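Here is how the chains run, residue by residue.
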Amino acid sequence: MVAGGFGVGKTTTVGAISEISPLTTEAVMTSAGVGVDDPGQATGKTTTTVAMDFGCVTIDRSLKLYLFGTPGQSRFGFMWDDLSHGALGALVVVDSSRLDDCYPAVDYFERARLPFVVAVNAFDGKLAHDLDEVRWALAIDERIPVVAFDARNRISVRDALLVLLDRALDDAVRGQTAQ
Amino acid sequence: MLTSGRVDGVDPDIGLETQVTARSDGPLRTGVPVSSLAPELRTITALCAEPISVAEISARARLHLGVTRILVGDLRAAGYLDVHAREAARPDPDTILRVIRGLRAIS
Ligand SMILES: Nc1nc2c(ncn2[C@@H]2O[C@H](COP(=O)(O)OP(=O)(O)O)[C@@H](O)[C@H]2O)c(=O)[nH]1
Ligand SMILES: [Mg+2]
Numbered sequence: 001m002v003a004g005g006f007g008v009g010k011t012t013t014v015g016a017i018s019e020i021s022p023l024t025t026e027a028v029m030t031s032a033g034v035g036v037d038d039p040g041q042a043t044g045k046t047t048t049t050v051a052m053d054f055g056c057v058t059i060d061r062s063l064k065l066y067l068f069g070t071p072g073q074s075r076f077g078f079m080w081d082d083l084s085h086g087a088l089g090a091l092v093v094v095d096s097s098r099l100d101d102c103y104p105a106v107d108y109f110e111r112a113r114l115p116f117v118v119a120v121n122a123f124d125g126k127l128a129h130d131l132d133e134v135r136w137a138l139a140i141d142e143r144i145p146v147v148a149f150d151a152r153n154r155i156s157v158r159d160a161l162l163v164l165l166d167r168a169l170d171d172a173v174r175g176q177t178a179q
Numbered sequence: 180m181l182t183s184g185r186v187d188g189v190d191p192d193i194g195l196e197t198q199v200t201a202r203s204d205g206p207l208r209t210g211v212p213v214s215s216l217a218p219e220l221r222t223i224t225a226l227c228a229e230p231i232s233v234a235e236i237s238a239r240a241r242l243h244l245g246v247t248r249i250l251v252g253d254l255r256a257a258g259y260l261d262v263h264a265r266e267a268a269r270p271d272p273d274t275i276l277r278v279i280r281g282l283r284a285i286s
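Those protein sequences? They're chains A and B, same order as listed.
Counting in our numbering, the final residue of the first sequence is number 179, and the numbers go up one at a time with none missing.
Counting in our numbering, the final residue of the second sequence is number 286, and the numbers go up one at a time with none missing.
Be careful, since some hints might not be right.
[As the list claims (entries may be wrong)] Simulated pairs of lysine to any residue, SDA-like, Cα-Cα distance not exceeding 20 Å:
hint: 1; chain 1: A; residue 1: Lys64; chain 2: B; residue 2: Val213
hint: 2; chain 1: A; residue 1: Lys126; chain 2: A; residue 2: Asp101
hint: 3; chain 1: A; residue 1: Lys64; chain 2: B; residue 2: Leu226
hint: 4; chain 1: A; residue 1: Lys64; chain 2: A; residue 2: Ile155
To be clear, the hints were calculated from the coordinates, so they are not data collected in a lab.
All values derive from a computational prediction rather than experimental measurement.
With the sequences and hints as input, model every part of the structure.
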């Protein structure tokens with residue numbers, strides 16, 4: 001999963017690595033109890049249309065890696081529940097000048113115990129805050145990697161994903177030995 | 180339109196990442212050739228010649244995800260498609276290692 005706030009570079013990230021041009025698909029999500037601030041509503045359900053990026057990378061003849069770019073606001077948390085089924089992990093894309101946008105995603109993946117990496121998109125190679133500042137500002141656990149990357153660059157996106165996969169591998173191995 | 184306004188009752192087996200394949204014996208079983216299906220259903224069936232995810236079908240067929248899920252469920256129920264069960268568990272270390280090797284090969 002590639003999650004993050006609006007305009008942080010999710011679509012760019014998926015497009016940089018996907019072997020098909022990034023496809024945007026729309027989902028109409030109906031969910032109970034999301035943002036219920038109107039108890040008078042007859043159904044108690046909210047319908048939201050969200051744009052989701054989709055990309056893929058063929059790993060070998062029988063394995064494909066799918067990339068799902070999803071909006072980062074907590075009201076889309078129900079969508080993350082769906083997507084985190086069988087997911088390898090999440091790349092939380094962050095614009096270092098708008099750190100607040102990624103709180104909900106960081107919080108969600110921490111709770112969901114899904115491996116994740118905070119990937120700071122270096123717009124034009126510049127970071128508004130260095131990585132230690134980002135970690136400190138977001139109070140991110142030392143075990144969670146914080147990396148800088150360039151969403152427009154294929155190799156840079158690949159390397160960010162490799163950091164995530166290392167985390168995922170660690171977790172999977174630990175999960176196996178714990179059984 | 181095709182889904183008659185249904186939003187609930189989506190087959191829970193059908194997630195965004197679920198792999199779907201067309202059954203070669205689909206038309207035989209139903210007695211209805213793919214060519215007489217509604218255009219959206221024909222498009223979906225054609226996309227499923229090779230295993231493909233529901234998300235990719237949605238994107239390629241330019242259909243809403245929710246609509247795609249419903250139509251895939253209908254085509255499965257009618258016998259045109261095979262749906263590969265969702266994996267509830269996280270990927271195992273061997274699979275992750277394969278992905279790592281595959282990504283490293285990207286240049
Ligand atoms: N200069 C620069 N622009 C970028 C970078 N990453 C994304 N953008 C641009 O920022 C805008 C938002 O990116 P997008 O991927 O659509 O963000 P999303 O809303 O998270 O999907 C687009 O116009 C991108 O071209 C970057 O690293 N440098
Ligand atoms: Mg986008």
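Each hint, compared with the structure:
In summary, the hint linking Lys64 of chain A to Val213 of chain B is not supported, as the alpha carbons are separated by about 27 Å, beyond the 20 Å threshold. This hinted pair checks out: Lys126 of chain A and Asp101 of chain A have alpha carbons roughly 18 Å apart, not beyond 20 Å. Taken as a hint, the Lys64 of chain A and Leu226 of chain B pair is honoured in the structure, with Cα atoms around 16 Å apart against an allowance of 20 Å. Using a Cα cut-off of 20 Å, the hinted pair Lys64 of chain A and Ile155 of chain A holds, with the two alpha carbons roughly 18 Å apart.
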